[in-house]
Amino acid sequence: MKRFAPTLAGLAVVLGLAALLQATIAAGWISGFVVSPPTRIVAAFAELARDDSLASAFLRTFGATFAAAALAALIGIPFGYLLYRLPLLGRAYESWIGALFSAPVVLLYPMFLVVFGRSVLVGVAMGFIVGAIPIVLKTREGFASVPPVLVAVARSFGASDRDVLHKVLLPAARPVIFTGVRLCLIYAMINVVAIEFLVNLGGLGYLVGDMYDQYDIPAMYAANVCVVLTSALFYFLSERIERWLVAR
Amino acid sequence: MTRHSSHAVLAVRVATVLAIWTAWEVVARSGLVYEGVVPSSFLVLAAMARELSDAAFYHDMAVTAQEVLVGFAAGTVCGVAVGVVLGVRRFADEAAAPYIQGLAATPKIIFLPILMLLFGVGSGSKIAMGGLSAFFPVVVATVDGMKGVNPVLVRVARSFNASSWQIIRKIYLPSLVEPAIIGMRLGLGVAIIGVLLAEIKFSRAGLGHVAIQYYNFFHVADMYAVLLITFALAVAANALMGMAGNRLIRRR
Amino acid sequence: MMKLLTRAAIAAALPLLIEAGPASALDTLKVASAQKGFWDTSFVELGQEKGFFKDQGIQLDIVWTDGGADAQQALITGSFDVSVATGILGVISAYAKGAPIVLLSSEMTGAPDLYWYVRADSPIKSLKDLQGKTFGYSRPGSSSNLIAAALVKKSGTDAKLISAGGPPATLTQVMSGQLDVGWSAAPVGLDLVKEGKIRTIATGNDAPGAANQTVRVNATNATVLKDRRDVLRRFLLAYQKTLDWAYSSPEMLKAYGTFAKVKPEVVEETRTHYIRKADVALNRMEGLDETMKEAVETKRLQQPLTAAQQKAFLQPMMELTKGLGK
Numbered sequence: 000m001k002r003f004a005p006t007l008a009g010l011a012v013v014l015g016l017a018a019l020l021q022a023t024i025a026a027g028w029i030s031g032f033v034v035s036p037p038t039r040i041v042a043a044f045a046e047l048a049r050d051d052s053l054a055s056a057f058l059r060t061f062g063a064t065f066a067a068a069a070l071a072a073l074i075g076i077p078f079g080y081l082l083y084r085l086p087l088l089g090r091a092y093e094s095w096i097g098a099l100f101s102a103p104v105v106l107l108y109p110m111f112l113v114v115f116g117r118s119v120l121v122g123v124a125m126g127f128i129v130g131a132i133p134i135v136l137k138t139r140e141g142f143a144s145v146p147p148v149l150v151a152v153a154r155s156f157g158a159s160d161r162d163v164l165h166k167v168l169l170p171a172a173r174p175v176i177f178t179g180v181r182l183c184l185i186y187a188m189i190n191v192v193a194i195e196f197l198v199n200l201g202g203l204g205y206l207v208g209d210m211y212d213q214y215d216i217p218a219m220y221a222a223n224v225c226v227v228l229t230s231a232l233f234y235f236l237s238e239r240i241e242r243w244l245v246a247r
Numbered sequence: 000m001t002r003h004s005s006h007a008v009l010a011v012r013v014a015t016v017l018a019i020w021t022a023w024e025v026v027a028r029s030g031l032v033y034e035g036v037v038p039s040s041f042l043v044l045a046a047m048a049r050e051l052s053d054a055a056f057y058h059d060m061a062v063t064a065q066e067v068l069v070g071f072a073a074g075t076v077c078g079v080a081v082g083v084v085l086g087v088r089r090f091a092d093e094a095a096a097p098y099i100q101g102l103a104a105t106p107k108i109i110f111l112p113i114l115m116l117l118f119g120v121g122s123g124s125k126i127a128m129g130g131l132s133a134f135f136p137v138v139v140a141t142v143d144g145m146k147g148v149n150p151v152l153v154r155v156a157r158s159f160n161a162s163s164w165q166i167i168r169k170i171y172l173p174s175l176v177e178p179a180i181i182g183m184r185l186g187l188g189v190a191i192i193g194v195l196l197a198e199i200k201f202s203r204a205g206l207g208h209v210a211i212q213y214y215n216f217f218h219v220a221d222m223y224a225v226l227l228i229t230f231a232l233a234v235a236a237n238a239l240m241g242m243a244g245n246r247l248i249r250r251r
Numbered sequence: 000m001m002k003l004l005t006r007a008a009i010a011a012a013l014p015l016l017i018e019a020g021p022a023s024a025l026d027t028l029k030v031a032s033a034q035k036g037f038w039d040t041s042f043v044e045l046g047q048e049k050g051f052f053k054d055q056g057i058q059l060d061i062v063w064t065d066g067g068a069d070a071q072q073a074l075i076t077g078s079f080d081v082s083v084a085t086g087i088l089g090v091i092s093a094y095a096k097g098a099p100i101v102l103l104s105s106e107m108t109g110a111p112d113l114y115w116y117v118r119a120d121s122p123i124k125s126l127k128d129l130q131g132k133t134f135g136y137s138r139p140g141s142s143s144n145l146i147a148a149a150l151v152k153k154s155g156t157d158a159k160l161i162s163a164g165g166p167p168a169t170l171t172q173v174m175s176g177q178l179d180v181g182w183s184a185a186p187v188g189l190d191l192v193k194e195g196k197i198r199t200i201a202t203g204n205d206a207p208g209a210a211n212q213t214v215r216v217n218a219t220n221a222t223v224l225k226d227r228r229d230v231l232r233r234f235l236l237a238y239q240k241t242l243d244w245a246y247s248s249p250e251m252l253k254a255y256g257t258f259a260k261v262k263p264e265v266v267e268e269t270r271t272h273y274i275r276k277a278d279v280a281l282n283r284m285e286g287l288d289e290t291m292k293e294a295v296e297t298k299r300l301q302q303p304l305t306a307a308q309q310k311a312f313l314q315p316m317m318e319l320t321k322g323l324g325k
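Protein chains in written order, with numbering that gives the first Met the number 0: chain A, 0 to 247; chain B, 0 to 251; chain C, 0 to 325.
It is possible that part of the hints are untrue.
Calculated pairs, DMTMM-like style, for lysine to aspartate or glutamate (alpha carbon to alpha carbon, straight line, at most 20 Å) [what the hints assert, rightly or not]:
id	chain 1	residue 1	chain 2	residue 2
1	B	Lys146	B	Glu93
2	C	Lys159	A	Asp51
3	C	Lys159	A	Asp50
4	C	Lys132	C	Asp157
Some chain B residues well away from chain C (every beta-carbon gap over 10 Å; in silico) [said to hold, decoys possible]:
id	residue
5	Ser4
6	Leu9
7	Trp23
8	Val36
9	Phe41
10	Met47
11	Met115
12	Lys146
13	Ile181
14	Asn215
Read the hints as simulated data drawn from the structure, not as lab findings.
We put the CB at the ideal spot given by N, CA and C, even for glycine.
Pulled out of the complex, with its shape left as it was, chain A reads as follows (with noise of 0.2 Å):
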């Protein structure tokens, strides 16, 4: 029980602030229109659920992300192991990589428009450049942390190129791998998300600008709360996938 104690009173202090902001609301304190009354929040997400639209949002924005990530991952991590094979390269490329990382990448996404048109592609093309970054650098870094004295003892007992990658290499770099990999699927939906919420093209994000525009407040927070369920979601994910591939 004890154990449970913290996840409890996060319930309980999430809780108790809604119901301290529906009786703000109530007693006119702050206007209803501009942060919505958590009851109404609901009943327009079971609204939202209801005629469908959040369903077909949510299965928009969480493909074009897993779409985005898979694609940086198989791109992402031959290439990181490039970067660590020809040390040459990695020194080059490290800091260029690094500083692409901070940078405003999604600002490109008119050009985008233009050659892949209004499509979901647009979502999947800035997710994938952005979720590759975490993945290469992390790949690099996971491979130069492992012992070199490991590579030396399986090549000393004939193993190839190969044999080394996938006995040696990628199980003692697998965590840091995965760091990369979780936080490929962060910057992938937050791009994703993003375009979808400037242009309007499905997905959560844009249902988050519609209900404003529409001044459908209530509905609007009831997508914003969507978008981080969905977040959580991945983050879920990404732990469950990392246990299995562990446990093998």
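Keeping the supplied structure of chain A fixed, place chains B and C upon it in accordance with the hints.
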């Protein structure tokens, strides 16, 4: 050995830049992409020269810089304050952790409409966006830093009857400098992006606004020029932050 | 480090805090207008230049938006005092949902100026060819939104309504293939039609009932109505003076031509053929039932306003526009 490597690194970088530049020019002149989407780099360079010699550009830059700085400062102060509180009370930290981590990973742009309702459509909402973005990396890093403080130190201080405030000031804060700075580096990066995105959505000044206006009128070379300058400024700001941070860490 | 940051933050924030300009005897009204360069949205700008607003003791601080929800948001959040040329669709649905928005006057009745176009090489020849295509309008709640929805409904196709922003952005999207059908309003873009680069496939009044529907209004927020009611009345008086001048003087044609970068002959055509004085009258509110029906259909309203709600909605406009335009 080192001299050889640094020459080689430089050679690789120069070769890469040249290759990218050549590829760009080829695509620009090939007519492969819709006209104007990939303008010749010379047009972009000319546009950059025009921007940098235009007083109006510096006004917009000042607006964005102001919004970033104020927002970043606000977010950092709140982040450190909340991080210290959570670090001191472990129970609070465990209770709050899922919510903070969940919100940290959430795209902050979706909170922009709420911020606009609360702070209006002017600079206020942009500053709030910057602050909200910067808050999370800072609070997470601060809590991490708090956890790294040796409890023995705290016990010793208490045995000397030190007040809570003194303990915070003399034991916790000094060991927070390094983690806080790491958080602040990330915080500045996301604050910049947050402010720029807010400017794109609704604004009448600032670098994000200028870039989007150019796109709306399809002055593509000008848009790239502004974006490149903005990129360079963001990278420079992050590098500066890094250098300042390293100096501070070393000074202790 | 903290001290340095705090000082830097305060230094950076000071200019924002001390935004007050020189003290003046004029009342300032912050105006959010839509679509810089359109005929009817230029009245505030040109009227200010001519001094009509100053005569009434008002200084206008004008900001241009992409229309619809953008101008409205500026108004509802209290960032601006008046929004000009705002779509009635958005105003009425925000009002019904409890937003502190107030109807100030009508701005455009009928949609004689709006037109929809395609690229010259597009296979779309008329509204019937819209199946599976994208159909643009400016921003949600705007008059172009209202008319676009009506046109798509008339076409009987499943065309998708896309919020494309202002005319320049829309043109970019149409020419680069992102959008099938774009929108604009005379005289903006008419030169491209004449040059054969784009082709018109529908106009605003093609939408059923649009010719007698008040599609755009001027709005304000509840705070301004309560605290600065007389300033609003004076604003409308100056606006009416500008209208009288705009439709009687050759000087206006030149001023607008310079402002919108349009040739004087095109402007004359706009004034006599496209948008007549009666269209921009401040005290016409027609087709409200039609508007509410469309609002319900596009899910912006749960149900039409009751008679009592309608009366409350129209009251400020009735009072503030009394005697204008006679």
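Results of checking the hints against the structure:
1. B:Lys146 / B:Glu93: Measuring from Cα to Cα gives roughly 12 Å; hence the hint holds.
2. C:Lys159 / A:Asp51: Within the cut-off at roughly 18 Å; holds.
3. C:Lys159 / A:Asp50: Distance of about 18 Å is within 20 Å: holds.
4. C:Lys132 / C:Asp157: holds (8 Å)
5. Ser4: holds (35 Å)
6. Leu9: holds (34 Å)
7. Trp23: holds (19 Å)
8. Val36: violated (8 Å)
9. Phe41: The assertion about Phe41 (chain B) holds, with a minimum of 22 Å to chain C.
10. Met47: holds (22 Å)
11. Met115: With a cut-off of 10 Å, Met115 (chain B) comes too close to chain C, as the shortest Cβ separation is near 6 Å.
12. Lys146: holds (21 Å)
13. Ile181: At roughly 13 Å from the nearest Cβ of chain C, Ile181 (chain B) sits farther out than 10 Å, so the non-interface label holds.
14. Asn215: violated (4 Å)
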